[in-house]
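A.B. asks: Since the structure of chain A is already known, use the hints to place chain B on it.
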Amino acid sequence: MAERIIVDPVSRIEGHLRIEADIQGGKIAKAYSSGTAVRGIELIVRDRDPRDVWAYVQRICGVCTSSHALASIRTVEDALDIKVPQNANLIRNIMNEALFLHDHVVHFYHLHAFDWVDVVDALKADPKETSKIAQSISDWPNSSPGYFTEVQNRVKKVVESGQLGIFANGYWGHPEYKLPPEVNLLAVAHYLEALDWQKEIVKIQTIFGGKNPHPHYVVGGMATPLDINSDNGIHAERLMHVSQLIDQGREFVKKVYIPDLLAIGSYYKGWTYGGGLNNYLVYGDFPTGDIRDAKTFRVPRGVILNGNLKEIRDVDLKDPKQVQEFIDHSYYTYDGQDKGGKHPFEGETTFNYTGPKPPYKQLNVNEKYSWIKAPRWKEQPMETGPLARIMVGYASGRPEYVNLVNDTLKKLNVPMGALHSALGRTVARGLETLLISDWMRNDMDQLLKNVKNGDQNTFDRSKWEPETWPKNAKGAGWMEAPRGSLAHWIEIENQKVKNYQAVVPTTWNASPLDHKGNNGAYEASLQNTPVADPNKPLEILRIVHSFDPCLACAVHLTDLENQESTQIKIG
Amino acid sequence: MLETKQKTIYEEALSRGISRRDFLKMCTALAATMGLSFKNSDKVVHAMETNKRVPVIWLEFQSCSGCSESFIRSTHPKAESVLLDMISLEYSEVLSAAAGHQVEEAKHNTFKQYPGEYVLVVEGSIPGDEFTTVSGKPARAVLEEAAKNCKFVITYGSCASWGGLPAAKPNPTGAVPVTDVVKDKPVVLVPGCPPIAEVMTGVIAHVITFGAVPELDRFGRPKAFYRHRIHDKCNRRAYFDSGLFAESFDDVGAKQGYCLYKLGCAGPTTYSACPEMRWNGGTSYPIQSGNPCIGCTEKNFWDNGPFFARRAKIMGTQTTINPDKVGLAVAGAAVAGVAAHAGITAAMKKKEKNGSEERGE
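Line order of the protein sequences matches chains A and B. Note that the UniProt record's numbering gives residue 454 to position 454 of the first sequence, counting from 1, and the numbers run on in steps of one. Note that the UniProt record's numbering gives residue 320 to position 320 of the second sequence, counting from 1, and the numbers run on in steps of one.
Just chain A, with the same shape it has in the complex:
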C-alpha cells in the first residue's frame, strides 16, 4: 500500500506549490504537482492600452522581474510590426543578461543550496581547512582562515541564540547531506556573500530601467535617455557604472559560483535522480539582430525529444498544432467542457474550481487538481529551462556550448547522460550563466561602440500613436527567462487588448497530467526517486528546486471569453 506524503508549502521558491507523492517500497511511485493560487492577470489586461500591458504582466513574477515585461513588449511589437533600434535591443539584452546572473546565483545559494548544504554541520568545520579548500578551487580573495572563522561565529551566534529564523526546522543532519563540514562552511559563507552581491548586479536594470524589481520598459524601444553630453542623460559615468557592474558580476560567477557548483557537485555526482522527461523545448533568445530573426540568437531555438541529441526540431509559436494548453486536470473549462486543448490565439480560460473545499487534507488527483494548465508541444510534455538550453545548444553544435559542456563533464568525470538529472539541471544553470556573462560584456561593448560612432537612438516612434495601428492585429512574442522559454500572444482590436495569453516556463515544468495521462516535468522527474525519510523528504525538495519553480508565473491567467457578465469596458 502506498503512503501519500505531502509537501505544502514548498518553500524556497516563488509562489504556492504543493507536491503530493505516493511512496512505495521506499521510492516515489507517483508524484503530483499542484499550483494552489491564481490571480487572473490575463483577464485584467483585457480592454486596456496594449502599450501598458508590459507593466501589468510584469507583475506575474517579481523574481524573474523583467521577463514578462520583455516578452510583452516584443509581443505588441510583433503585432504592430515595430522594429526597435539596435541600441534598444542591446539594452534589453543587457538587462535580461543581468537578470540571469542575479536569478541563477540567488537560486543556487538562497533557494537551492540547503538541499545539498547542511548549515548546522558547518559549525563543526575547521576554518583553516575551509580556507585551504577555498584557495585550491579559486583565487577569490575572501578566503583567509580569519574570514571563515568570522562567518562561522556569525552563524554560531544565530544558532546559539535559540532563534534559528530562516534556518529553523531544516532537515539538518539528514543522511542525504554528503558534504564535509568544511565545504558546508564554504557554502554558508558564500550564501551570505551572494546575498550582498545580488543587490549590486541588479543596479544595471536600475540605471537603464529606473528600478529593480520591476524596471520600466516601452513599446518601440527603451526610454533610456542615452546622451553622453547631457547632465540628465545616460552619459560616461552611468555607462562606466554599468560596465563595472558587469565586470564584477562576471568575476563573482567565475570565481565563486562556478567553483562552488563544481566542488559541491563532485560530492553528489553519484546521486543521479531527477531526470524525468528528456524532452526539451527552447524558443531561443539573446539576438544580435532583430528578435524575429532566429539566425541571430545566441541561445538557439529547437526541440529535442526522448534525449535524442541527433535531431533538433523547429518551433513555430503561431502554428495552431504546436503549442496547446490542456485542462483535463486543471480547474478550468473550455467552451463549457471540462477537457481539451487550445492554441493560445484561440485560448479560453474560465475558472471552475472543482477541488476539495478548503481546508483540505489531500487532493483528488484522479480529477482536476491544479490551477496550472498543461501546455504541450505537439501533444507531448516538455521540460524547459537551463538544462533544455544547454541540450539544444550542445546538439546544435555551437562551439561555445560544446566546449564548455565537454570540459565540465571531464572535470566532474561523468558521461553526457549524467546531465539528465536534478544535479545536471543545476550544473546546466551554472554553465549558461558563464556563457551569458560573456555575452553581457559583448553587448555592452557593442553599445559603447555605437555611442562612440554617434548612434544614441533608443526608440522608434513611428507606430507609437494608436492612430497608426491597423484595426485588428495579432502577435506572438517570446524570450528566454531564467526558468525557461516564455511566450505571450496578443490580439489587438480597436486599439485595445482583445485577448492576451501567456504560456510560462513553470506552466510547462509544473504542469499536471494531460489529456493522454502524461505527467508534467516535475511529476516525471520525481518518479522512482528513493526517499530515505518520508517525514523529511529532502529528495523531493532537491528535485523540485532543481527546476527553480516560479508558481506565480505558472498560474497567472484567465480569460473569460464567453462570459458576458465579466466583460470589462474602459473609457
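Since the hints were derived computationally from the structure, they do not count as laboratory data. What you are looking at is a predicted structure, and each value in this text was computed from that prediction instead of being measured. Hints may be right or wrong, so weigh each one.
What the hints assert, rightly or not - List of simulated lysine-lysine pairs, DSSO-like, C-alpha gap at most 27 Å:
{"#": "1", "chain 1": "A", "residue 1": "K178", "chain 2": "A", "residue 2": "K410"}
{"#": "2", "chain 1": "B", "residue 1": "K262", "chain 2": "A", "residue 2": "K463"}
{"#": "3", "chain 1": "B", "residue 1": "K78", "chain 2": "A", "residue 2": "K255"}
{"#": "4", "chain 1": "B", "residue 1": "K78", "chain 2": "A", "residue 2": "K498"}
Stated by the list, open to error - According to the in silico footprint, chain B covers these stretches of chain A (three or more CB under 8 Å from chain B):
{"#": "5", "segment": "13 to 23"}
{"#": "6", "segment": "258 to 264"}
{"#": "7", "segment": "268 to 275"}
{"#": "8", "segment": "345 to 357"}
{"#": "9", "segment": "453 to 459"}
{"#": "10", "segment": "499 to 505"}
Just so it is clear, CB atoms sit at the ideal spot from N, CA and C, and this is done for glycine as well.
C.D. replies: Relative to the frame of chain A, chain B by itself:
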C-alpha cells in the same frame, strides 16, 4: 505604542515559572542538540539572557514575490544584517530552509512562543477561498490565524496594502487588502510595486531602534517615507516649472531631462520617497532613467491608466505653470497660483532680510 524593551528568553522562562536551575539545564541541552561542546553552553545561556531578535512571520498570498525580492536588495541596513542581527524570520516561503509541515510547525511554534510579540508581514492580496490555499488552508484563514496574536501587521506592497493588481478591474478572484480582514490590530501600510528596499527595512529598523511603530498618515502609511509627492522633489521639477516638456521618448527634451508630464508621468499625484531615496542603494528611479512614473504606491493605480496618456490633474495652487498653455498667456487658477507663490517668496525674502539685519550683518 510598543514596549521599548522585549523580554529575553530567560525572562520569558522565569515568567512561565521555570527556575534558573532548570533554565541552565535547558541551555545545556540545547547546546548539545546543536552539536556544540559543553564549554559553549555558557554562551547559549548568555545569548538567551540577553539577545532577542524580533520574531517575524512573513506570509505570501496573491503576490509575485517582488516585495520579498526588493527586501533583500536593501543597502542600509543590509539584508544579511536584518536577517542575522535584527529580526528572526521564522516563516518565509522564499527564504525558509524548511518546507511543508516543518515550516508550518516553525510558524506555529512562533505563535506559541511569542504571543503578542511577533510582527506579522503580509505580501499579496487575499482572494476568495478557492483561489489561494497554503498547506490546504484558504488564505483568509491563514491570515486570521497569524494575525490573532501578533503585535502589529506590516503590509508590504500595493497588493497587501490596497488590493493591488489582483484587485484591478474586473477583480476576477475577489481580491481584498489585509485591512479588509484584520480589523483589531495596528496595520502599517508600505505600498509600492514593490516598495523601495530601504523603505521596507527602514520601517523595521524604526521599530527596533525606537521601540515604536513610526508615525502614520491617515491611510496608515509611515510619514517618514510617504509624506511627499514625487513631483515635490523630482529631479525634473525645474523643467516642469519652466514649462519644458519631453514630447516623445528619446527626443531632445527627454535626453535633456525635461519633464515627463506629457508622456503620462503620475509624479504629481503619487506619494513616494522615490526621488529622495531612489532605488537600489540610491542608483536611480524611473523618472531619472527617462520613464514616466506609473504611480505604483497609490491606491487603485492600475485602474487610473492608461499610463502613457497625460492624466494627472494638477491643481493651480500646486504649480506655477499650465502645461496646456506654455508659451501662451497663462490664465485663471494658474495665474492665481503664480501670484500666491510669488507673494510667499517675497514674504520669505523679506523675513530673511529682517533676520540678517537683526543679527547685525
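A.B. asks: So, for every hint listed, does it hold in this structure?
C.D. replies: Hints and how they fare:
1. K178(A) - K410(A): The hint holds at about 22 Å.
2. K262(B) - K463(A): holds, 18 Å
3. K78(B) - K255(A): Holds, at roughly 23 Å.
4. K78(B) - K498(A): Judged against 27 Å, a Cα distance of about 44 Å means the pair is violated.
5. 13 to 23: holds (count 5)
6. 258 to 264: violated (count 0)
7. 268 to 275: Our answer is that it is violated, as 0 residues pass the Cβ test (under 8 Å) against chain B, missing three.
8. 345 to 357: holds (count 4)
9. 453 to 459: holds (count 4)
10. 499 to 505: Result for this restraint: violated, n = 0.
Checked against the numbered hints given earlier, this structure breaks hints 4, 6, 7, 10; the rest are met.
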